[in-house]
Amino acid sequence: MVSVYITGVGMTKIDKHWDTTVSELASEALRIALNEAGMESVDAVFVGNMLSGIVNSQENLASLVVSYAGLYGTPAFKVEAACASGAAAIASAFISLKSGMFKDVAVVGVEKMSDETSVEGITRALATAADSEYELYHGVSFTALNALIMQRYSYEFNVKPEDYGLWSIQMHKNATMNPYAQLRFEITMEKYLSSQWISKPIRFMDCSPVGDGAAALILSSKKPKDSPIEIAGVGMATDKFQSFLREDLLTLAAAKIAAKRAYNMANIRPEDIDMVEVHDAFTIMGVLSLEALGLAERGEGIELLKNGDIKPDGTIPTNLAGGLKARGHPVGATGVYQVAELSLQLRGTPVGVKLDNPNIGVALNLGGLASNCYVTVLKGE
Amino acid sequence: MSVPKYWRIIPHYYRLEGTICKNCGYKTPLIRKICPNCGSDDVERVRLPREGEVYSYTVVYSPPEGFERHNPYVIGLIKLKDGTKILGQIVDVDPEEVKIGLKVRMTFRRISVDGKSGIIQYGYKFKPVK
Chain B
1 MVSVYITGVG MTKIDKHWDT TVSELASEAL RIALNEAGME SVDAVFVGNM
51 LSGIVNSQEN LASLVVSYAG LYGTPAFKVE AACASGAAAI ASAFISLKSG
101 MFKDVAVVGV EKMSDETSVE GITRALATAA DSEYELYHGV SFTALNALIM
151 QRYSYEFNVK PEDYGLWSIQ MHKNATMNPY AQLRFEITME KYLSSQWISK
201 PIRFMDCSPV GDGAAALILS SKKPKDSPIE IAGVGMATDK FQSFLREDLL
251 TLAAAKIAAK RAYNMANIRP EDIDMVEVHD AFTIMGVLSL EALGLAERGE
301 GIELLKNGDI KPDGTIPTNL AGGLKARGHP VGATGVYQVA ELSLQLRGTP
351 VGVKLDNPNI GVALNLGGLA SNCYVTVLKG E
Chain Y
382 MSVPKYWRII PHYYRLEGTI CKNCGYKTPL IRKICPNCGS DDVERVRLPR
432 EGEVYSYTVV YSPPEGFERH NPYVIGLIKL KDGTKILGQI VDVDPEEVKI
482 GLKVRMTFRR ISVDGKSGII QYGYKFKPVK
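So the protein sequences, as listed, match chains B and Y.
Start counting the first sequence at 1; every next residue gets the next number (this note's numbering).
Start counting the second sequence at 382; every next residue gets the next number (this note's numbering).
The following block holds chain B by itself, in its conformation from the complex:
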């Protein structure tokens, strides 16, 4: 059976890149990853992106990225799964190597959100991850859907605003050490609690920021000599698409199934995991992600925050590079940033806080309201 290794990593700083196009940004990360892997070409390029059609008026993106990267002729695919487009691109590339059709491929996740300059416009664009006919019709933003979940979670488990604040504070702290992070400053509980409502009970400081970024990986079926990082498991699943059809609004059912599938493939249990990168587009989603990964029972994810378990020196170090909250969330790129950060941590050259010899890292990338979920398990030596 073919194994899949990460042989190159490239990232751009997440920021407002006013002078760069979406394809150019992707090509920058791609060139860094190629150089790092010591390669001049690959068999195919998989581009993870959500909004190039709406925000950048550009489709057929993968072919354009290849031309910007100076790789004319290379087969190229754009993979879209809303905010999980990055992980969906990794999964597609993984499958292509497993099939034996390709030997070396590149994955690049990219999002160039700042081409849409109005808040209402980007809110509208992001909301297309939900159902345009049955959800958006009523004036629902994507934040509002998450707020419905947070309201109910707080109600059922008696969670206070300060408890969610712990998440944001920790993510900002982690991001200060990551040169690629968008928000490299610490925040206080006072600042968290005084930030404005976006969709009550979601405050500004519960939300990941809008930004531009690209991250790339070179994947190979040939085992590298030095510090091989293996993609040991990939799991995917979809859930009932609309928020109102979920039997249990507070369980990310597809993420749970995806995790089980990825763990089975990698032959690991939740207790074996040394670190996770989870999808905290909003603080509530960070909490639910920990539960979905089997690290806490339903309603108990919040306890991991209160006990300090998610800190770098806690029992389950979480989002060491700052997570979506503070590293940033250029939507289609996020899943690739997560895996890039984990692989650098496994190599011993992290972009954030350094762990002592971690061996297993898990990334969870959520698309839409967790209607399309991807879990990736990485193993070091």
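If you're looking for bench data, these hints aren't it; they were derived computationally from the structure.
Careful, some of the hints might be misleading.
[Claimed, not checked] Straight-line distance between alpha carbons at most 25 angstroms, and here's what the computed SDA-like set of lysine to any residue pairs gives:
#1 Y:414 / B:247
#2 B:200 / Y:488
#3 B:240 / Y:421
#4 Y:466 / B:248
#5 Y:408 / Y:388
#6 B:200 / Y:479
#7 Y:480 / B:204
#8 Y:386 / B:80
#9 B:200 / Y:508
#10 B:200 / Y:472
#11 B:240 / Y:419
#12 Y:508 / B:249
#13 B:240 / Y:462
#14 B:200 / B:122
#15 Y:508 / B:197
#16 B:200 / Y:454
With chain B held as given, fit chain Y onto it using these hints.
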């Protein structure tokens, strides 16, 4: 919203119609030709109950394009009397008075207006049962 897209879903927006599956009994507010639960095409239209209660809610302060003039407004996840859940705005109420468990009833309202020359979209919202 384009006219054909709007027109297709009018039975749902105006009359709260959904789909019930005669094979597995799954009831959904969506208008579908195939049951999303079991894949059967033996489905028929069903009218959903007009009354229910608030299962969860949010007050939107940062609306998407097209809803700026309603800001702020309340979106509710409503559990109808038959147990079906559905989204909709909650109106005729002070946002501070909306609570989980609040009893609400469907009301027919204007939802949004597509600029000066676009269509005016109507549909259901919910208001407290007095």
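* Index of numbered hints that the structure contradicts, given in increasing order -> none
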